[in-house]
Amino acid sequence: MDPQRRHAPLPAVALPAGRVLPVLTAPDPGRVLDTPCADVDPTDPAVVALAADLVATMRVSPGCVGLAANQVGVAARVFSLDVTRHPKTRTTHGCFVLVNPVLVEASRKERGREGCMSVPDFTGDVRRATRLVVTGRLPGTGEEVTITTDAFEARAIQHELDHLDGLLFLDRVAGAHAIHPRTTYL
Amino acid sequence: MPSLAVTVIGRDRPGIIADVTAVVADLGGNLEDSSMTLLRGHFAWMLVADLDVSAEDLAARLAHLREDDLVVSVLPVGHDEPYAGEAGYVLSVHGADRPGIVAGVTGALAAHGGNITDLSTRLGPGGLYVLVAEVSLPGDVDVVALGGQLAALGRELGVGVALRPAESDVL
Ligand SMILES: [Zn+2]
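Chains as they are written, first to last, in this note's numbering: chain A, 6 to 191; chain B, 234 to 404.
Since the hints were made in silico from the structure, they are not lab data. Hints should not be assumed to be uniformly reliable.
[Stated by the list, open to error] FRET-style restraints, in silico, Cβ to Cβ:
| id | chain 1 | residue 1 | chain 2 | residue 2 | range |
| --- | --- | --- | --- | --- | --- |
| 1 | B | Ile242 | A | His185 | 19 to 25 Å |
| 2 | A | Pro186 | B | Ile250 | 18 to 24 Å |
| 3 | A | Ser112 | B | Gly311 | 45 to 51 Å |
| 4 | B | Ile250 | A | Glu115 | 31 to 37 Å |
| 5 | A | Lys93 | B | Ala296 | 49 to 55 Å |
| 6 | B | Ile242 | A | Pro21 | 17 to 23 Å |
Please read all numbers here as calculations on a predicted model, not as lab measurements. From the three backbone atoms N, C-alpha and C, an ideal C-beta is built for every residue, glycine too.
Next comes chain A alone, as it looks inside the complex (with noise of 0.2 Å):
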């Protein structure tokens, strides 16, 4: 493991096990994606369900390290992430849902690549903030936590805020040639 690495994880979630569920792609003619996601209550059975679906939906999606709730439907403000075995990981949390996040504090951009489960064609360059304060609610629980992150999980985190609120890497990336077709699915 890198020495560098700071592992700090969030307090333990009993999760059921999760449904996989198909994941919807741009362009969505329901337009789920577009679709700003509403508060929820993290305590309701029925998010706990949707954390656990997004967590087993997420772990059988090659190289998936994030997944909003509206990729697979549901317009709630709720996220899985597990960003543990990517290489540009500085800070981690390990593998956890946030419901109704709220962004605190970003600082410190830079550009970097991404891709995503609902744009499967695409990738893009993309200036996001590398110190990041978000907190929000574990599902069950609904215990409050802050994450307060950097490097990958940052960048990982806001891709997932703005799924949230409606908007793909695609709304945001940073010129005329920042984006690329994802020639590894050719």
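With chain A fixed as given, assemble chain B with the ligand onto it according to the hints.
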């Protein structure tokens, strides 16, 4: 020295740029700006060169490229002041492919005096159409109102439209 604008378009093969630049160098010319890309496997190149020959003479020297089914054009260009807006923005448009997306969105920009300084569009194999343009806008444009107008147009066309200030990577 006068400038000549050369465009070369056609089926891609190795060596097109080497062939053209060898002719320009042989004529004592100097390359200024150029931009090349591949569009669906087709070679597309525009260049501006400082050359002391006529457009006709350069076209004659490049005539052999036509044997490769390349379309070559040469035009004299002046040293005009470039049109410059005052503020840089990035426009993104994405959605299902359909006729009229580019015309609609760029028409709305042009109506506000917006000038596109760089543009690329892509159609993914899955049917997702993406346009990203770098745009300069006159200083007196109400950017919030323009953004709202573009978003409304996007809803009409069934595409997402975002207009954001360009951010520099310069540290
Ligand atoms: Zn995504």
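Hint-by-hint comparison with the structure:
no.	hint	in the structure
1	Ile242/B x His185/A: 19 to 25 Å	22 Å, holds
2	Pro186/A x Ile250/B: 18 to 24 Å	22 Å, holds
3	Ser112/A x Gly311/B: 45 to 51 Å	46 Å, holds
4	Ile250/B x Glu115/A: 31 to 37 Å	33 Å, holds
5	Lys93/A x Ala296/B: 49 to 55 Å	51 Å, holds
6	Ile242/B x Pro21/A: 17 to 23 Å	59 Å, violated
Violated hint for the displayed structure: number 6, the only one.
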